[in-house]
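S.K.: Going down the list, the sequences are from chains A and B.
Numbering follows the numbering used here, with no gaps: position 35 of the first sequence is 108.
Numbering follows the numbering used here, with no gaps: position 50 of the second sequence is 57.
Hints are computed from structural coordinates only; laboratory data are not their basis.
Among the hints, a few may not be true.
[Claimed, not checked] According to the in silico footprint, chain B covers these stretches of chain A (three or more CB under 8 Å from chain B):
1. 116 to 127
2. 221 to 232
[Claimed, not checked] Which bits of chain A does chain B cover? Going by a derived footprint, with three or more residues having C-beta under 8 Å, they are:
3. 81 to 90
4. 94 to 102
5. 161 to 171
6. 183 to 194
Source: prediction; values computed, not measured.
All C-beta atoms, glycine included, are put in the ideal place defined by N, C-alpha and C.
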Amino acid sequence: MERLATLLSRAMLVLAGIATVVMLVTIVADVISKSAFNFALPGVDRIVASYLMVAVIFLPLAMLELLEENIAVDVLYHVLPTSIQHLCAMLGHLLTAVFYGLLGWLYAGVAIEAIEIREFVSGAWNVPIWPARMIMPAGLIIGAIVALVKLCLILIDLLGPNPHRDTGHHDGDFQ
Amino acid sequence: MNEREFIGAISIGVVLLLVFLRIPVGIAMGMVAFGGIAAAISPNAAFGVLKAVPFEMVGDWNLSAIPMFLLMGYVAASADLTKNLFKSARLTLNWLPGGLATATVISAALFSSASGSSLATSAAFARTAVPEMRKAGYSTSLATGAVAAAGTLGALIPPSVLMIVFGITMSTSINDLFLAGVVPGLLSALMFIVYITVRVLLQPSLAPRVTEEVSPEERREALSDVWPLPVIIISVIGGIFAGFFTPTEAGAVGAGMTILLAAVRGSFTWPNFRDALGKTANGTAGIFIIIVGAALFQRLLGFTGFANMFTDMISAHLTTPLAVILAISALYLILGCFLDSISIMLLTLPVIAPLLQLHGIDLIWFGIITVKLLEIGLVTPPLGMNIFVVKSALGDEVPLGTIFKGALGFLLADFVTLALIIAFPFLSLWLPSIGG
Chain A
74 MERLATLLSR AMLVLAGIAT VVMLVTIVAD VISKSAFNFA LPGVDRIVAS
124 YLMVAVIFLP LAMLELLEEN IAVDVLYHVL PTSIQHLCAM LGHLLTAVFY
174 GLLGWLYAGV AIEAIEIREF VSGAWNVPIW PARMIMPAGL IIGAIVALVK
224 LCLILIDLLG PNPHRDTGHH DGDFQ
Chain B
8 MNEREFIGAI SIGVVLLLVF LRIPVGIAMG MVAFGGIAAA ISPNAAFGVL
58 KAVPFEMVGD WNLSAIPMFL LMGYVAASAD LTKNLFKSAR LTLNWLPGGL
108 ATATVISAAL FSSASGSSLA TSAAFARTAV PEMRKAGYST SLATGAVAAA
158 GTLGALIPPS VLMIVFGITM STSINDLFLA GVVPGLLSAL MFIVYITVRV
208 LLQPSLAPRV TEEVSPEERR EALSDVWPLP VIIISVIGGI FAGFFTPTEA
258 GAVGAGMTIL LAAVRGSFTW PNFRDALGKT ANGTAGIFII IVGAALFQRL
308 LGFTGFANMF TDMISAHLTT PLAVILAISA LYLILGCFLD SISIMLLTLP
358 VIAPLLQLHG IDLIWFGIIT VKLLEIGLVT PPLGMNIFVV KSALGDEVPL
408 GTIFKGALGF LLADFVTLAL IIAFPFLSLW LPSIGG
């Protein structure tokens with residue numbers, strides 16, 4: 074279960090990394106083309122906003138949850154007793170799963186609609202954006218699944234025979 | 008207070024409680040907003056808002072500036088573009104009283120501007136500049152304080168991710184924020200330098216004068232290696248000033264140049280780049296979640312009428328813009344002792360945005376004040392993150408108290424800068440008014 078979550082998260086992060094590089098190249102190419110030839114590459118803003126940015130935002134959610142790198146505040150947490158810390162961590166994963174799950178479910182509806190009507194944005198050329206609509210729910214739902222996995226891992230750990238096993242829970246590391 | 012306003016008020020308490028229980032800030036705000044709107048208006052309205060808000064935010068073209076500037080920062084930090092930065096600053100400035108500390112301030116300002124991270128800057132200079140200063144006989148307190156304080160300069164000197172987040176949340180021009188930060192950022196650095204110089208003149212034992220025999224070749228070599236960072240920063244800021252770039256384009260050009268220069272210098276490695284890409288993607292997603300949470304929460308406070316009620320209530324006591332600014336400054340300084348910069352900004356902006364509008368406070372100017380305040384929070388006890396970063400980079404040899412004591416003087420310099428930024432809005436607003 075843990076391995077699958079790690080594997081999925083890593084794959085999504087790789088895709089997000091590729092999207093970042095493509096975004097960088099596209100925008101730089103557009104800037105060069107605009108300043109050198111006075112010609113803006115058509116559809117760049119649409120592609121960046123609808124595809125690349127969506128990928129960079131939503132695909133890493135799973136890894137973010139796996140590493141527990143979501144921006145959080147540690148001030149009080151450290152002085153709480155361990156049992157309360159476990160409760161807080163479980164509540165955090167649960168709320169994250171519900172939040173991502175709700176959003177993922179809403180956007181799955183949007184995606185299905187977009188696929189049915191083959192949604193596109195008209196402009197210099199008609200940029201089809203219906204495939205991009207699937208990125209949001211995919212990232213969110215996998216993020217929700219990873220949050221549930223993390224929740225289960227803490228539960229297994231608490232209920233399991235060896236209470237001293239590492240929960241894989243890291244304190245700190247927020248900026 | 009009617010029932011809806013009461014729900015608004017309660018939800019602020021619930022968010023704070025969840026945040027202190029270490030629930031991710033964005034998730035806490037988002038879930039409370041969803042529950043609050045469902046309770047105050049209707050579940051349908053809650054679903055509607057939850058569906059509409061993230062969707063609108065994703066469509067914001069400026070959002071893509073975040074991954075571009077994060078990438079630039081991570082590549083700059085890992086690509087060793089700073090190798091001789093401190094050395095050449097040191098060779099140029101060692102005639103000044105406290106010259107090594109001043110050299111630290113100047114090179115850290117450059118580095119933190121490009122890396123965009125106060126923490127990364129303080130960590131890097133704690134390892135390079137602090138040992139050199141101590142070797143030269145500088146007081147440990149002055150050396151570590153200078154490094155902790157100088158790290159904060161990057162958030163004001165553009166490009167700055169904090170400003171992008173502020174600009175997106177408050178719907179203000181990010182380019183104007185960038186330009187507005189230049190003068191206050193340089194002013195902050197100048198104040199640090201004045202503080203160092205005066206302090207060392209009064210108490211020369213803190214920083215013995217360094218007499219270093221340097222061959223012309225050595226000097227030339229050190230200087231010839233300094234150009235990459237200034238070139239990148241000036242291109243980015245210059246392009247924005249001239250109106251060539253949108254923030255996203257500036258970020259992409261900056262990231263592209265950083266990668267190119269790192270490659271030219273042979274310090275660009277695949278593992279570093281892969282690492283930078285991963286951090287960029289994670290960082291972007293993390294910032295987006297908290298921006299969305301804040302946007303949802305802002306809707307809740309608007310729908311329930313709490314935002315208006317709160318604004319009316321506060322305005323009865325704080326009748327002038329200056330009073331509002333001072334009250335917010337005090338609030339941020341207190342929060343800065345406990346929370347990190349982005350959390351403070353996004354937890355408070357939904358509540359105070361209507362107050363700013365009511366008093367007609369210039370949002371660009373306010374953005375600069377906010378960023379300065381948040382950076383001051385990085386060096387104030389008990390939870391100045393920069394102090395801890397310096398401490399962990401140096402290990403057991405320096406006690407925490409020594410670093411805090413050293414940072415105290417720089418904190419005073421910062422308060423003078425802050426007072427000047429508040430007293431003279433043109434310091435921030437002049438550059439945006441003639442640029443772009």
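S.K.: Look at each hint and say if it fits the structure.
M.R.: Hint check results:
no.: 1; hint: 116 to 127; in the structure: holds (count 6)
no.: 2; hint: 221 to 232; in the structure: violated (count 0)
no.: 3; hint: 81 to 90; in the structure: holds (count 3)
no.: 4; hint: 94 to 102; in the structure: holds (count 5)
no.: 5; hint: 161 to 171; in the structure: holds (count 7)
no.: 6; hint: 183 to 194; in the structure: violated (count 1)
Hint violations for this structure: numbers 2, 6, all remaining hints satisfied.
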